[in-house]
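J.: Here is what each chain is made of, one letter per residue.
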Amino acid sequence: MASPPVTGSAAVPRHHGGPGPARFRPRRTPPADTVRPGRRGVLSHWRQYLAISPFFLIFGVFSFFPVFYSLYLSFQRWDGLGTVQFVGLQQFRFLWDDPVFWLSIRNTLVIWVLSTVPTLFGALVLATLLHSVRRFKGFYRIALYIPNVTSIVAVSIFFGAVFSNNFGLVNAILGTVGIPPVAWLSNPWLIKLVIALLMTWMWTGYNMIIYLAGLQAIPTQIYEAAKLDGAGPIRTFFRITVPIMRPIILFTVVISTINGLQSFSEPQVLFGSNAANPNLGGPGQAGLTTLLYFYQSAFVNNDYGYGAAIVWAFFVLIMVLVVINWRVVQRGRKS
Amino acid sequence: MDLSRRGFLQAAALTAAASGLTVACGGGSGSAGSKNGKNLTLWYWGGALSDKVVAEAKTHFSGQVKLTAASIGGDFKQKLTTTLAAGASVPDITGIKGEDMASFLPNAGRFLDLNDLGFKKIASQYLDWKTKLARTEDGKQIGFPIDIGPTALFYRADLFDKAGLPTDPDKVAARAGTWEEYFALGTELHRKVPGTYLVNNIGSVFNMAVGQGTERFIDKDNRFIGDQDHIRKAWTTAVRPYTLGLDAKINDNTWNAAVGKTLTTELGAAWHALDIEQAAPKTKGKWRVCAMPGGPANQGGSYLALPKQCRNPEEAFKIISWILSPENDARGFTDAAIFPAAPAAYSMSAMTGGDPFFGGQKIIEVFGPAAKAIPSSYEAPADAAVMAPFMTELSSIEAKGKKPDDAWKDAVGQAKQIARRQGVS
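Residue numbers (the numbering used here), protein chains in the order written: chain F, 1 to 335; chain R, 1 to 425.
Don't read these hints as lab results, they were simulated from the structure. Some hints here could point you the wrong way.
To be verified - Reference excerpt, derived from the structure (chain R facing chain F, CB under 10 angstroms, subset only):
no., residue
1, 262
2, 295
3, 391
As the list claims (entries may be wrong) - So these bits of chain R aren't anywhere near chain F, every CB distance computed over 10 angstroms:
no., residue
4, 59
5, 72
6, 129
7, 335
8, 353
9, 355
10, 375
11, 381
12, 405
13, 412
Every residue gets a Cβ at the ideal spot worked out from N, C-alpha and C, and that includes glycine.
Isolated chain F (complex conformation) (with noise of 0.2 angstroms):
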């Protein structure tokens, strides 16, 4: 796959009416002496508020909105129909009593620690390999890319029948080297690896991809130097390499923690046929994670108010883990 070709916004003529260049000015730098743009300015703009408009006001109504109706909710008693009941704080009285609830936030970050760590590292090896490779550079690309693009539907059926207790393929290679079989998808943790795995399936060749622009950003006079001087691959890797690419890679941390801990439909999809109870993330409730909680406490049981008042809790505790994230890039800073 070629790069794709340059073309720099100075190539574009800017002059096309409207106030000219200002526009484009740096926010930050506003000159001393002229006078805010203030309401007139915005008025006149209102072509370009007008076409960016559908997606604010689409943003507005099925984003916005619902999320403070949650908040409003999540202090009501309400099963979807009938009259909305204030109870005040009891619906987090009753999360904090509630084993479950804590059930799914032991679940949904142990499946998370077992699905970034493989993912980010395995990326970022991927990608340094993929570096240096020299022929079907596009075609590896590709291939580790697609399942990123795949329905995480279609790959959580895939991988319920690959690791199917009775009759799945892993367990019948195993069963060729006289492995007795191991269920995959009984076991409390294994539950959580298969999960995790899947999402590392799905999730490394996107990361990898982000990993593969910051390498190819790398001045090579950098590695060139390195290699005069009488330095491996493996020390290149972890003294040029790494901390060159550390912006990224705490990039793709906050973002794998916000696509880790989201995690839904993987569970929803590998146990939804479960005959017991379809979502309740299957045997033991291993993989009940607290998304899953939230829809079956919401949209199966009818208990809005309790759905509400489990993803706001849910959300202080992402909250507080972007802060921890935060420090930590702080702290590297520093040093």
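Chain R: place on chain F using the hints.
T.: Coordinates of chain R only, in the frame set by chain F:
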């Protein structure tokens, strides 16, 4: 982006106002409309009604109204709830799944009382226990029964024969009259035909055993009774095949592969016959059906209801009582294996024939009496939610080898919490 904070706030306020307006408009348009509309919409899901009967209903009533039927995929209950809550584009006739009926009853005001439209006169044609499940405490009938799911014991006659056990349905039913006798039979079967199991999972046994009783998890006074003897007894029954080693512990879709191989019996509703037939076509002719140990229960079976917004209640009621007349019910059984809620259909020729999958056995002779003998029970709105932890803990016993007594304690503890959350005392 040269957007000031004030500008941003203005934009945000504008967006919020716009979204509020959209919602307000959506709410307003639904309630308007005359009550003798010429267009009626019907919502159901694939397999809920016979497509042929629905198609015929369209032509049969084309003189009076234009009936549009939509087969809704995905989470039907969720879509119906959302539509009813929004109040716009509400279907004039809708299906409601049997397991969801209880959760719609507290909002009976969203539906028309079918008794006002003439259901009272024809109610005796339908099984009383089924009709009752769609009636509020103050006598409002919101659901018109489509079908039911009387349960029975499916068994592999060839494997029974191999083990030297009787294969005739009446004799098997006599040998497996109670749960304990059934498990004894299973133990013998397991010994003589190694590698086979009696039940696919113990959750299914629990489900059946609970369904055989008249009380479930919450009583009519909205009190939690899931820790009482009737549930404890069902639990003990369910755990028995696990301790006896007769449990195949299948909790996922590998059931499809196991049903023709390692499972000797299946506990299931009438519609389960189709599942077996599709999963294990090669076992055709080897299965038989007999009465379930401990008596019949019900699993599934749906209703048709008329939402309050229905544009022409009289015609809509005529349509549903035509679609669900005993004659058409019997055809539904032939077309889509929908087991009628109208006993009159059981003696019609469409249902009395032999089923080649069951070696020509006339399965109505098992399901017909079972349908009439199902106990009438009370199902509270939160019943399904409260039952879930019991099922989960039973699967924990199977998956992790959790001690049944610990599992019982955890199940009751969790069920109590869910009950409290749902407003049950």
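J.: Please write out, lowest number first, the hints stated earlier that are contradicted by the structure.
T.: 2 and 11
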